[in-house]
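S.K.: Please model the entire structure based on the sequences and the hints provided.
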Amino acid sequence: MQVFKAYFLVIKKNLPQMFIYAGIFLALAVMISSLNKPTPAGEFSQSKIRLAIFNNDTKSQITNELKGFLSKNTEIVLLEDNNEKIQDALFFRNVEYIIRIPAGFAESLRSQKAMQIEKTSVPGSTTAIYTDLLINNFINTTLRYVKFEPLISDKGLAENVKKDLEINTKVEMKSFDTYSGNTLSIVYYFNYLSYSLFAILILGVSAFMMVFNNVDLKRRNLCAPFSSKSLNFQIFLGNLVFAVCVFVVLVGFSFVLYGRDMLTTNAALMCLNTVTFTFAAISASFLIGNFASPNSAPAITNVVTLGTCFISGVFVPQQFLGSTVLSVASFTPTFWFVKANNEIGSMINFSSENLFRLGGYMVTELVFAVLFLVIGFFVAKKRRVTKG
Amino acid sequence: MFAHIYVNRLKCILKDKQIIFWTLMFPILLGTLFYLAFSNLSSAENFSRIPIAIIDNSEYQNSMLKTTIAYVSTDSGSENKMFEVTLTDEKGAEGLLKDNKIKGYILLKSDIGIKLTIKQSGLDQTLIKSFLDTFSQMNSTFTRIIQSDPKKYSDPSKRTELLKSSGYNSSILLEKAASKSKPDTTVNYFYTLIAMACLYGGFLGLKEIGALQADLSPEGARINVAPVHKMIILLSALAAALTVHFAEILVVLAYLIFVLKINFGDQIGFILLLSFVSCMLGLSFGAFVTSVVKKREGIKIGILTGASMFLSFLAGMMYVDIKYMIIKNAPIVGYLNPANLITDGFYALYFYDDHTRFYINLAGILIFTALFCIGTYLVLRRRRYASL
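In order, the protein sequences belong to chains A and B.
Each step along the first sequence adds one to the number in our numbering, with nothing skipped, and position 281 is 293.
Each step along the second sequence adds one to the number in our numbering, with nothing skipped, and position 252 is 286.
The hints are simulated quantities; they were obtained by calculation from the structure and are not laboratory data.
Only a predicted model underlies this, so the values are computations on that prediction, with no experimental measurement involved.
Idealized CB from N, CA, C, for every residue including glycine.
A hint or two may mislead.
Here are the simulated DSSO-like cross-link-like pairs (lysine-lysine), alpha carbons at most 27 Å apart as the crow flies [what the hints assert, rightly or not]:
(1) B:K216 <-> A:K97
(2) B:K149 <-> B:K115
(3) A:K174 <-> A:K60
(4) B:K216 <-> A:K131
(5) B:K186 <-> A:K167
(6) A:K167 <-> B:K185
(7) B:K100 <-> B:K216
(8) A:K174 <-> B:K198
(9) B:K185 <-> A:K175
According to the in silico footprint, chain B covers these stretches of chain A (three or more CB under 8 Å from chain B) [what the hints assert, rightly or not]:
(10) 120 to 130
(11) 170 to 176
(12) 315 to 326
(13) 333 to 345
(14) 363 to 370
To give a feel for the contact side, a few chain A residues facing chain B, derived at Cβ under 8 Å [stated by the list, open to error]:
(15) S46
(16) Q99
(17) F103
(18) N180
(19) M185
(20) K393
M.R.: Take a look at the structure:
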């Protein structure tokens, strides 16, 4: 088992680099799952946009009422009244809508010649349209009372407006298939796992193959007293054990992180999906190992892993990618892995039809595995013939 | 002599495929991937008409809701088109909802009033609900006004006058843009990319310093015995590196601006100035690391790559909110981060109306460059080698 042992000697030398990939991934996973609070399913929760109010018209009941109404329906952000700070906040979406109520606004409402409220928003965005609707509704309601009941007191006006605006539409939630609990985090974890898994496998396998493809070493091995069958078997075994180790570490951590939430059919299917993806990744690594040289290996690793992950929806969800990008991505196993994960995450009905479709994605990943392996052997053979 | 060394260093750099890959091809590749992944991300927050269904029954046909909906739906000639409406029965609506064809459906029944049925919470759903709230609230206002003086409103003409005020008054809000440029958060990713590319210029600094030091390379030993002043050698080598680096950054910028159509604002002169000083910063950063860290080349490269990536991460390359968190909570950390200074410089040119922040960033970059240069000089000056 010399070759098998040598395999892990090479891996051991490259461990620090692999730890970086694994470490960053695990740190991000912890961060994201702590940020991602599970949303209560089955109940409507109003989306609250982030709003900042600069009020120059303090001493009036109706402006206070407006502020109260907005703080009920939005999340009020406190902001320093400084142009640069406001621009920063809007650009990075710490605030999505800013209003400035002019002095004397309440008076102007009473006299039916309403002054304008200055607003700053993200033009054309849904948040802007929604907030416009909220504010206009308040103002229009107030103006109606002022117009048709001109004698109403400020207090009565504020009370009436408040009562009207408390009316709520009944909302019913139909849950056909929705993410629940930690599922969304788990889907994200597994999607992102493909990046680290792929990078670590390429690094390890290509490091080993670069050593063993060294012409002098190869010649030495060829005259060693053991069959090439045994050599290849040991390399195969090395690859397998290595892949299993990486798989166990990366997938195992999800059990530490999500505990009981991992004991579901959905999570089991994701693990299975990761198994098929690992096969595809290790064959791809084998193929790349046949090309790579010590100088080009880091470049190839980065291009392949970052490239496939970006277009396949690992870093940015598939729903945000263009159709051309996605159709190009469908020529990579990562795309099918992510697609399967996303569907597993939202699945509640494990009908044979649904499972069959998932099976199709996983078989596609395995087909890629076989394809890479065949090309890899072909390249290896060609090299053997030309470079002896 | 200067020209001789300059030309030959230029050739040396241009023939180094690895350097050219990391400083030119990699940023272009990453930029392309960013573009593919993020181009739909910014349009995702843009408002697009919300598909809804309405249960078509006699109550709806005879209600005021119908006229109100008609006013904001696609069939109308109005500009405030909010909804894409399908009229159907309850079963059909449920099917549409299940297949994600609509965001929700509305049922109007005399005994329960208006009911909205949705599948999951979200901004679109909140907007639909808010619209229905507005409708009910307006009705409540009318009822309240009529009740206040039932006698007056028993006159149909008075009643019509009141109901006419349901017309939507939306002139109260005055849009004031935050900046001459669109608050498009995704551009920041491309600015950090340029920052990363500039810091990757450190590889060139590393190469040049390595080539000048007698204990690091045979070329260095040869150059050291040449009868040329060390300053001339150093300056000509760095000039060659700067030429290549600046040319590369210009190519990357041109690719981002003209091919990917990323908006950098229109202040070309300032953009070029910022790029140039950023190139100097990257180069001196690499030179500094190389001269201070007395380890083998692999470790120096590791430190350069790791530092560039970490600093770019803090400038928001992987997660844009990181940059804002730092601006808001610890601005000093932002100013101590070279990658953030470069990113922020581009951001200031794009989004701010004046140049104060830009000049602060520019000064920061120049200070860092000077510090790195002085540091490098102190380490390298008057170096003698007793033995090699």
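S.K.: Now look at each hint and say whether the structure bears it out.
M.R.: Status of each hint after checking the structure:
1. B:K216 <-> A:K97: holds, 16 Å
2. B:K149 <-> B:K115: Roughly 21 Å between the alpha carbons, so the hint for B:K149 and B:K115 holds.
3. A:K174 <-> A:K60: holds, 19 Å
4. B:K216 <-> A:K131: holds, 15 Å
5. B:K186 <-> A:K167: holds, 23 Å
6. A:K167 <-> B:K185: holds, 24 Å
7. B:K100 <-> B:K216: violated, 36 Å
8. A:K174 <-> B:K198: OK: A:K174 and B:K198 at ~22 Å, within 27 Å.
9. B:K185 <-> A:K175: holds, 23 Å
10. 120 to 130: holds (count 4)
11. 170 to 176: Result for this restraint: holds, n = 3.
12. 315 to 326: holds (count 5)
13. 333 to 345: Coverage by chain B holds here, the residue count being 3 at a Cβ distance below 8 Å.
14. 363 to 370: Result for this restraint: violated, n = 0.
15. S46: Hint violated; A:S46 Cβ to chain B Cβ min 14 Å, cut 8 Å.
16. Q99: Holds, about 5 Å.
17. F103: Holds. Min distance 5 Å.
18. N180: Holds. Min distance 6 Å.
19. M185: Holds - the Cβ of A:M185 comes within 8 Å of chain B, reaching about 6 Å at its closest.
20. K393: Interface hint status for A:K393: violated (27 Å vs cutoff 8 Å).
Consistency note: the structure conflicts with the earlier hints numbered 7, 14, 15 and 20.
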